[in-house]
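**Student:** Work the whole structure out from these sequences, hints included.
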Amino acid sequence: MSQTIIWTIAVLTVVGLLLAVFLWFVAEKFKVVEDPRIDQVEGVLPGANCGGCGYAGCRAFAESAVKAGNLEQHYCSVGGNAVMKQIADILGIAAVEKTRQVAVLRCNGTCEVRPTANTYDGWASCNAEASLYTGETMCAFGCLGLGDCVASCKFGALSIDPQTGLPVVDQEKCTACGSCVKTCPKHLFELRNYGPKGMRMVVTCRNEDKGPAAKKACANACIGCGICAKTCTHDAIVVENNRAYIDYTKCKLCRECEALCPTGAIHGVNFPKPLDKEAVKQRVNERNRKAREAALAAKSESKEETA
Amino acid sequence: MSKQTFHIGGIHPADKKISRDCAIEALPIPPTVYISLSQHIGAPAKPIVAVGDKVKTGQPVAEPGGFVSAWIHSSVSGTVKSIGPRKDLSGKSVPSIEIAVEGDEWIEEVDLSDTLVTEFPEDNKAIMAKITSGGIVGLGGATFPTHVKLSPPPGQKCERLIINGCECEPYLTCNYRYLLERGEQVAVGVAILMQVLGVKDATIAIEDNKPEDIAHMKDVVAKLAAKSDKFRGIEIMPMMTKYPEGGEKQLIDAVMNRQVASGGLPISVGAVVQNVATAYAVYEAVQKNKPLVSNTLTYTGDCVATQHNYEVRVGTPLSFIIECAGGMPQDAAKVISGGPMMGRAVSNLDAATVKGTSGLLFLTAAQTKRAPATACIRCGSCADACPMGLEPFLLKRLALAGDLDGLEQNAMQDCISCGSCQYSCPASIPLLDIMTQGKAKVMGVMKARAAAAKAAAEAKAAATSAK
Amino acid sequence: MNKLIVSPSPHIHTGVSTTSLMRDVVIALLPAVIVSVIFYGLGELLVLAVSVLSCILLEWAITKYMLKKPSTICDMSAVVTGLLLAMNLPYTTPWWVIVLGAVFAIGVAKMSFGGLGQNLFNPAIAGRVFLLVSFPTYMTTWKMPQGLFGADAISGATPLGAINEAVLQHQSISSIVSSYDYGSMLFAGIGGSAGEISAIALLAGFVYLLVRKVVKPWTTLSIWGTVALVSLLFWIGNPDRFTDPVFNLLTGGMILGACFMATDYVTSPMSAKGCVIYGIGIGFITLMIRYFGSYPEGMSFAILIMNATVPLLNRWFHQKKYGRA
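These protein sequence lines are chains B, G and R, in that order.
Per this note's numbering: the first sequence = residues 28 to 334.
Per this note's numbering: the second sequence = residues 11 to 477.
Per this note's numbering: the third sequence = residues 687 to 1011.
Treat the hints as calculated values from the structure; they're not laboratory data.
Owing to the predicted nature of the structure, the values given are computational and were not obtained by experimental measurement.
Worth double-checking, as some hints may not be accurate.
Unchecked claim - Sample of chain R residues at the chain G side, in silico, Cβ under 8 Å:
1) 697
2) 761
3) 802
4) 803
5) 820
6) 823
7) 1005
8) 1007
9) 1008
For glycine and all other residues, C-beta sits at the position ideal for the given N, C-alpha and C.
**Tutor:** Following this line, the structure appears as structure tokens:
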């Protein structure tokens, strides 16, 4: 009996040792020499594999970053500056800082203001619907509301508001990875600077139709009237293809455009105080009046001079 | 009767040719036509008229925008009102020419008489010039410019011209009426096409749910062949009624028992396929100098009180046609331009017809409303139905997962969008909707890869020549 | 004017739905169900009712309370599972055993995989095999049919059970085989579960399915062909030890299994080639279990084993593609 036990232990030990040697040999033979920094970089990355950086996943990002030796083409918007600093430390180079961004929806065609003209009965996917036709409403540029963006968001930052039928961005969860920007067939999302304390101004419309047609399709549409562009003292607004666009790098958050927009297509978010439209309008009118007077005065002066 | 058919898949929807007994009638000319500049596959045409110009019926108004493109003619006489974007049947903006109609004065060289002209010139170049300048495009659905199809790449020889008279789409009866009423003209058109292509054999394929066509065309061809040798090689082939018999690749398989390799052209197996309506348009252009300014469309549906086969000027607003036919049918829930299998649902009734508009079909909600999709039960109906031998259940899964490599390996790019899979699916899964998205992505990848390979080859060639 | 519907093509549909397919299967099973009720009496009716009802209730409860998804009982697949399970059980099975079988079939074999279309194994067979290994006494004690208004029941063995007993005791089987008359096997009269009672009734149902194009014949023909061929070889080799092809085709779950269980969409291969291989596997394994195993019947085991190969068969065998020789 005891002999059996001893034999068993002995045989198993020997077999175990042999296998260990074999495994060690195999491990040595087929060892892949890899830069250890790749693992380190991957370790500090968020690991969401969202692809927002343009690489297949966090591992691919790490490999490419280590290989390149610089971070010019690499930025993980999910991890943000903190993670990029860590990666830069690992690689022994200076970090590239970027301003925090957030995805912004440029459509405010809620169910209430945008009547439907027909009923879509195909696969519930915005991309499928957009490839077929312009959509259920008369607006060919607005949100289709089937939530391809929600499905594409790996961070749970998007959801469809059942009341409006439009996606809502949770600005705290949004990592600006850009997947919604790529997914939306109507190109309604844009990555914009988060702004000081989250304050930002957006034209929530991309309709390129002429004013009356746009207005007919959606009460909240930008009709391309150009009042905002004329009002803006920072040169931040351009009107092209019958719609306004605010350049967030130039915008100084004065909210004058929002107050003057006749259709309410311009929105400011996260401002501490509600906008007093009348006061702003008066202010702008006053300024315009003064400017006109000044111009007149300058004109008459120059006339006098020439005379 | 031996019944030829294609060898893979296929379905048998009820053929519903309820408008078969309605003779082709000319629709009145609308007060305004909107002629799209992009009504063929390939580059949009470039307008050659200006706002305010007076145009006559048949006068060219736009020239081809590239090699694969076509001439476009005014379908009416009148004044050009505007040139600019106009919404097509799916609401998308397409450049169009708006012409206010004033009378119906044709350009002089057109022969408007009914006399049948069977003699045609020997000079193929002259014929080709007429086909090109007549703006003829494939009227079977794809609207591929005909002159391009008739110019095979060097080194490839056409062995057989196949004339597609299958009309395998349910409801549609234009081709049926063409063969019955204008069979002689079609036959002459076929002979012209044969001469241009330099082939001795042509097959007019007709599904056997149209025995009148088969009998009539046999008769017509026999009579013509007795007169001239030019009609000797035309045979009439009855086909088994099966969808999608009229698909180009399926028809070649059915008629010649040959299969076009994936990504290849029909000419690679020695076939050129043209539609019956195209053959008729060729006759008109070559024998009568009449460019393609009108086409027939079937106005049909179970909810439509009176069925019609209309001859319509290109650019007629759909709403005008509906008005002429007595207004929107009461129960119509969906309006389809084309047939029920591959036609396009209309969201904008103000859109105008194009050269390829083959039908206006009205379906009720009960006929067309989709049932909610349920779980795939792996019955394999979709794979059995697929005429390309694909496995839609698998492709759908890969498309949803975004596995582009998997899609390519499983031949997603071969899909002809015939809809047989989705028609057959007992779980009502929108297979084709999903696969169409997958196919677009795969085609994008393949095109990018081909372009990259071409660029690399060019760079290499440039490098070697530099040495 | 009402709003137009817009959707991608195709704009029409066959009208065949999962529900209509399942309804056809139920209709196809009806002849055998009726014959078995006439033959076995109210006991059989009770087995059928308990099985079908518990399957439906379970699926409803699981979708509602565990998966919190819309109910799927309307597709009638639970009815089919319940019917098939009942037809695999002796009419003497106690109700609680049947319920346990239904719990395994629906709860474990079907819903835990994700419901209809996702299950790897045929739920009804999984349920039956579960009962067979858990409650062999209930599952293998057969009583000779007493009929709807019949006399006292006589205990007996099914033909396959008797043969198995004889083989295990190294007796010659020819006398046992000759005691059964193939005619009664074909129509009605041999002991066993509802699904074994009448070959003709089952075949009638199968023909209905073929005519309605609900199933394709490849799997079934391949099973029968394999069974006939292999058992012919064995039988010619040693008629005293091995049963003949006709006996094998008519006994046990051969007809029910080949026509209704092996052809289950979800758990059978997609391609015709795959189906043939799948059928050969089932036929061969069934015979091996019948000839050499300790269980008298091997159909259920064979189907379950081959179910496991289906993903592989689907991977290996594809449709012939156009223009890709």
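**Student:** Look at each hint and say if it fits the structure.
**Tutor:** Cross-check of the supplied hints:
1. 697: With Cβ-Cβ at 5 Å, under 8 Å, it holds.
2. 761: Because about 6 Å separates residue 761 of chain R from the closest Cβ in chain G, which is inside the 8 Å limit, the hint holds.
3. 802: 5 Å, holds
4. 803: 4 Å, holds
5. 820: 29 Å, violated
6. 823: 36 Å, violated
7. 1005: 4 Å, holds
8. 1007: Holds, because the Cβ-Cβ distance from residue 1007 of chain R to chain G comes to roughly 4 Å (cut-off 8 Å).
9. 1008: Interface hint status for residue 1008 of chain R: holds (4 Å vs cutoff 8 Å).
In summary, the numbered hints that this structure violates are 5 and 6.
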